Structure formats: C-alpha cells, structure tokens
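In the order they appear, the protein sequences are chains G and Z. One gets the working numbering by counting positions in the first sequence from 1 and adding 108 to each. One gets the working numbering by counting positions in the second sequence from 1 and adding 101 to each.
Treat each hint with caution, since some may be false.
[Unchecked claim] Capping the alpha-carbon separation at 27 angstroms, the derived lysine-lysine pairs in DSSO-like fashion look like this: (1) G/125 <-> G/171; (2) G/209 <-> G/111; (3) G/165 <-> G/179; (4) Z/172 <-> Z/110; (5) Z/110 <-> Z/158; (6) G/209 <-> Z/158; (7) Z/172 <-> G/209; (8) Z/110 <-> G/111; (9) G/179 <-> G/111.
[Stated by the list, open to error] Here are the in silico distance ranges between beta carbons for each label pair: (10) Z/110 <-> G/168: 26 to 34 angstroms; (11) Z/168 <-> G/147: 24 to 32 angstroms; (12) Z/121 <-> G/176: 18 to 26 angstroms.
None of these hints come from the bench; they were simulated from the model. All values derive from a computational prediction rather than experimental measurement. We put the CB at the ideal spot given by N, CA and C, even for glycine.
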Amino acid sequence: SQKIEQNSEALNIQEGKTATLTCNYTNYSPAYLQWYRQDPGRGPVFLLLIRENEKEKRKERLKVTFDTTLKQSLFHITASQPADSATYLCALDMVVSSASKIIFGSGTRLSIRP
Amino acid sequence: NAGVTQTPKFQVLKTGQSMTLQCAQDMNHNSMYWYRQDPGMGLRLIYYSASEGTTDKGEVPNGYNVSRLNKREFSLRLESAAPSQTSVYFCASSELGGTQETQYFGPGTRLLVL
Chain G
109 SQKIEQNSEA LNIQEGKTAT LTCNYTNYSP AYLQWYRQDP GRGPVFLLLI RENEKEKRKE
169 RLKVTFDTTL KQSLFHITAS QPADSATYLC ALDMVVSSAS KIIFGSGTRL SIRP
Chain Z
102 NAGVTQTPKF QVLKTGQSMT LQCAQDMNHN SMYWYRQDPG MGLRLIYYSA SEGTTDKGEV
162 PNGYNVSRLN KREFSLRLES AAPSQTSVYF CASSELGGTQ ETQYFGPGTR LLVL
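Starting from the given sequences, assemble the full structure and let the hints guide the process.
As structure tokens, then:
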C-alpha cells in the first residue's frame with residue numbers, strides 16, 4: 109500500500125535561513141501532491157498543490173518541488189520567520205477500493221528560532 | 102463565512118458511553134470527511150461522504166458511524182466509546198471530492214475516553 113514519510117519529526121532552524129522539508133512516498137506516483145500547515149490546536153490549512161507534470165510551484169516565500177523519479181517532494185520556506193513555526197503535512201492521492209482518496213503524512217514540526 | 106465548524110471542542114467520555122460529533126460547512130461543498138489525528142500517525146480517514154445521501158468507509162471505520170444529514174451537516178457517532186478512540190477528530194469538506202481539490206478543515210474535537 110502507499111506509504112508517506114516526512115523527514116524528521118522536528119526541524120529547528122535559525123530565522124532568515126531556508127527551511128527544507130521532505131516528503132517521500134512509496135509505490136505508484138500520485139497525480140497530485142499537496143502541502144498543508146497546521147498550528148497547535150487547529151485544523152490543517154492548505155498551502156500549495158503540485159501536479160505530477162509540474163516540477164516546481166511557488167507562492168511568495170514558499171516553493172514546492174515534485175520529483176517522480178525519486179518519489180519525493182521538497183517544501184522550502186525561504187527567509188524563514190518565527191511565524192512560520194508550525195507542523196507541515198504533505199498529502200497525496202491514492203486509489204483505495206477503486207476510489208481515489210487523499211492520504212496525509214504524519215507531518216514535520218518546524219521551529220524557527222529568532 | 103464560518104467555513105467548517107465542529108462541536109463540541111472538547112469531550113471526556115467513559116468507556117462504553119456514546120456520543121455524536123457534529124460538523125457543518127457553509128461553503129456549499131458536496132464532499133465531507135471525518136479524520137482522526139493521533140501523535141506520529143498523521144490524519145487517518147474514518148468516513149467520507151462524496152455527496153448528500155452517500156457515505157463510504159475510509160481507512161479506520163471500525164467503531165464509528167456517520168450520517169450525512171443534509172448538504173451542510175455530517176455527523177460522526179461513537180456508539181460505545183473505547184480508550185483507543187481517544188484522539189483529535191477533524192471534519193473537512195471539499196467542493197466536489199476530487200483529489201486535486203483543497204480540503205477545508207474544522208478546528209477539531211478533542212476526545213478523551215477514560
């Protein structure tokens with residue numbers, strides 16, 4: 109079955125640096141991959157979607173790449189700020205009982221220290 | 102727009118008690134979902150409703166039932182709560198249920214089963 113792995117449980121970096129989070133998956137390649145942000149005590153909030161035929165997508169300080177050969181997506185936050193501290197979840201589509209579903213990784217907790 | 106709302110925010114149950122978690126969305130979305138989130142496990146799909154009048158099992162449906170009351174409301178029922186059902190429950194909705202769509206999440210219900 110499809111499995112998603114997000115790099116470390118926690119990532120701690122200095123303000124101003126680029127944070128890079130990893131999402132790896134097994135088995136077949138998804139058609140879409142999404143990234144969500146989740147703050148403590150709140151529900152996830154959508155950030156970006158990238159399609160399998162797109163290598164890169166940007167939104168302000170965020171950049172997502174999608175490498176179907178490596179079965180990996182990288183999520184970058186440039187010029188990181190303490191306000192970027194949160195848990196980031198990747199999600200991808202898979203087929204379950206002949207129906208397409210979205211499955212989520214367990215997330216990476218990012219802390220940006222001033 | 103309130104988006105996705107959930108009640109209650111927090112609940113403590115004793116083993117064997119029953120309860121219903123309520124979810125409503127005001128975005129006129131067709132599809133609604135129930136997830137549970139446990140530490141290190143990510144979001145796991147319990148049940149979903151692709152459209153009004155239909156419901157289907159997700160990854161972890163055992164011990165739960167759902168009702169799609171109308172287009173706005175999707176409830177999750179625990180008939181006989183067990184400690185293993187201690188978790189944070191999130192309701193989500195999307196416009197048509199496609200895997201390329203954004204899912205909009207509620208704030209969550211924190212459930213503790215003693």
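Hint by hint, here is what the structure shows:
no.: 1; hint: G/125 <-> G/171; verdict: 14 angstroms, holds
no.: 2; hint: G/209 <-> G/111; verdict: 13 angstroms, holds
no.: 3; hint: G/165 <-> G/179; verdict: 16 angstroms, holds
no.: 4; hint: Z/172 <-> Z/110; verdict: 22 angstroms, holds
no.: 5; hint: Z/110 <-> Z/158; verdict: 24 angstroms, holds
no.: 6; hint: G/209 <-> Z/158; verdict: 11 angstroms, holds
no.: 7; hint: Z/172 <-> G/209; verdict: 20 angstroms, holds
no.: 8; hint: Z/110 <-> G/111; verdict: 31 angstroms, violated
no.: 9; hint: G/179 <-> G/111; verdict: 11 angstroms, holds
no.: 10; hint: Z/110 <-> G/168: 26 to 34 angstroms; verdict: 31 angstroms, holds
no.: 11; hint: Z/168 <-> G/147: 24 to 32 angstroms; verdict: 30 angstroms, holds
no.: 12; hint: Z/121 <-> G/176: 18 to 26 angstroms; verdict: 42 angstroms, violated
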